[in-house]
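Protein chains: 2
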Amino acid sequence: MKKGNLTIDPWGASSIDNYDKVFKEFGLKEFPENWKKKLNHYLFRRNIIIAHRDFDKIIERINANKPFIQITGIASSGRMHLGHKIDIDLFLFLKKFKAKNYFAIADIDGYVSRQKINTMDEAKKIAVDNLAHALALGLKTKDVYVQSKQKPFYYNLAFECSKKITENMYSAIYGHTDFGKISAVLLQIVDIIHPQLIEGKMPSVTGIGLEQDPHARITRDIAKRLPYTLEVPSFLYFLHQSGLQQGKKMSSSEPLTAIFLDDSSEEVKKKISTAFTGGKDTLEEQKRLGGRPDICKVYEIYKFHHPSNKFVEDIFKRCSSGKLLCGECKGLCIKFLTNFLEKHQERVKKTRKIAEKMVN
Amino acid sequence: MKKGNLTIDPWGASSIDNYDKVFKEFGLKEFPENWKKKLNHYLFRRNIIIAHRDFDKIIERINANKPFIQITGIASSGRMHLGHKIDIDLFLFLKKFKAKNYFAIADIDGYVSRQKINTMDEAKKIAVDNLAHALALGLKTKDVYVQSKQKPFYYNLAFECSKKITENMYSAIYGHTDFGKISAVLLQIVDIIHPQLIEGKMPSVTGIGLEQDPHARITRDIAKRLPYTLEVPSFLYFLHQSGLQQGKKMSSSEPLTAIFLDDSSEEVKKKISTAFTGGKDTLEEQKRLGGRPDICKVYEIYKFHHPSNKFVEDIFKRCSSGKLLCGECKGLCIKFLTNFLEKHQERVKKTRKIAEKMVN
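Protein chains in written order, with our numbering: chain A, 18 to 377; chain B, 18 to 377.
Honestly, the hints are just simulated from the structure, not real lab data. Some clues are possibly wrong.
[To be verified] So the derived list for chain B, only partly shown, Cβ under 10 angstroms to chain A, looks like this:
1) 132
2) 174
3) 184
4) 196
The beta-carbon is built from N, C-alpha and C at its ideal position, and this holds for glycine as well.
Using the sequences and the hints given, assemble the complete structure.
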């Protein structure tokens, strides 16, 4: 790679190539350029949302200024990290169009599908914490529902769906028949489908990670089999931010891999300081050859979370050209994150009480 | 068999012998004589209730004049016949002690576990009909709940239970992993367990057919695994009334095999007239040798449903001794049934509206 090579897409389109096979195998479509312009949000522009199923239907609705459903949520499985913020950012963005908004606090899901969570009470404690953070990120209470506190028709629909799933069909998609996880899948299907029983038949969209595509497929299949008039749900696919250490996923069981929304300034400092970068072995070399933002975890934080396109592009250029060194860049990142988290954690103090009321 | 052999138990204890193996294999206990006296209801006296699991706990409660839970119900799968009346008779009898009463109209169960029922609406129509009949038989609305109209905690418990069932455990008990039927099983477990989450830890009793013992076993197992303080549920086991034709089971798909609670007088006449009896080939022979009430379907109706022990014993003696011939006996049975059904169906006209309100 030559010094200051600016032909590399700063939004990391190269990483999409890895997914090409997945797209073709499962029938996902790449997110088209003209839609990215239309939607004008960095999640699209920076290729963080990279693929879709039937998002055409939503684009049509947006173009016609007509309502559509958006439904997403958080399974109550642990602390929230920056990765969860992306889901909420997309949710808040789509609210600007005529979306009917459903955000699930999936406490039952968290309990039934995670071995480490031993009681519904534990799941509910996590749910309170998650909801407090989500509200602090800008989610409105009126857009939120709690899985364990729904109306009977919601649960009835889960049992109805169970009749429409054969063991063969399920095993082919998931490769197991773990009963708790089956319950979680049933509820995920219901989460995505039930808004149409409230709002009427209507296109709906849910943002998920690529690895969650099995849920999308089974949900779309069941929507066709149920004795209700339903639009087959659409999906958007996120790239996941990787872990802060080389070759790691973000994981709540390895706290150093992720920035959690309740991390202290000290923790942020420690995590960013030890994060893997695209820097060279020596300062001299880095100044001469430039860094590699495309493999840098600090750059990835900017790419996924910094609101200013200009700032992120500038970091990319200055790093690639050897003008910005890792120490300075990490300092900027720590400042950006601690500033954000400080304000966020102030808001959480206020939203926690509301969250407690909503979940319990 | 010699004429007028009155050493045969008119309550057909002989038929219990057939179940001895089942009892031993699964650990059921025969219902003891002294309890039958204590409870003093023909269902016990006539050996229609033949076995139990942990009914000791209920007897203790009854003896101490302390509360216990009774929970039973009807799956909304078709028309109600005389067999269902037995469940309700037991329920009404146990109310005389300090029972906390829970009667489930199991509409979700009916839908998810029966292929022939295509929508929840169909199941709910059946539920209305079943409930109308149950109320006409003396069930009180305050003792009834409808599965599809429960509070969230009820449904949450079903999902919680799913986490406590492994595929191996389920397959070993049921021999299949049909998803709709798994849902039905989860709800049956919840039906039996959830009253303790309302009333507090307390012995509970549910009357079931012997073939339903798998439900009892899985329910007792799950009750031990849930993170709540629960008494392991007790069960009573019914003999089922057989079909009116020789070698047949009562079945709603073969209407001639059963007396339905909405049968007309004409249907009753036709069904009893064609029912299999214990009569001999010729009148002369029957007068000389006596009939066999122990294999007679008409006698079985008396045994399962006639309120007077004296009447039933008298029929048994007069038949066995050749004094009562099948024609006369069938006439008596038709009279008994049409008289009962006429009054019952008058009551159903009134209860149907209440049932509609409760289910919809």
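- Query: Which of the listed hints are broken here?
  - Reply: none
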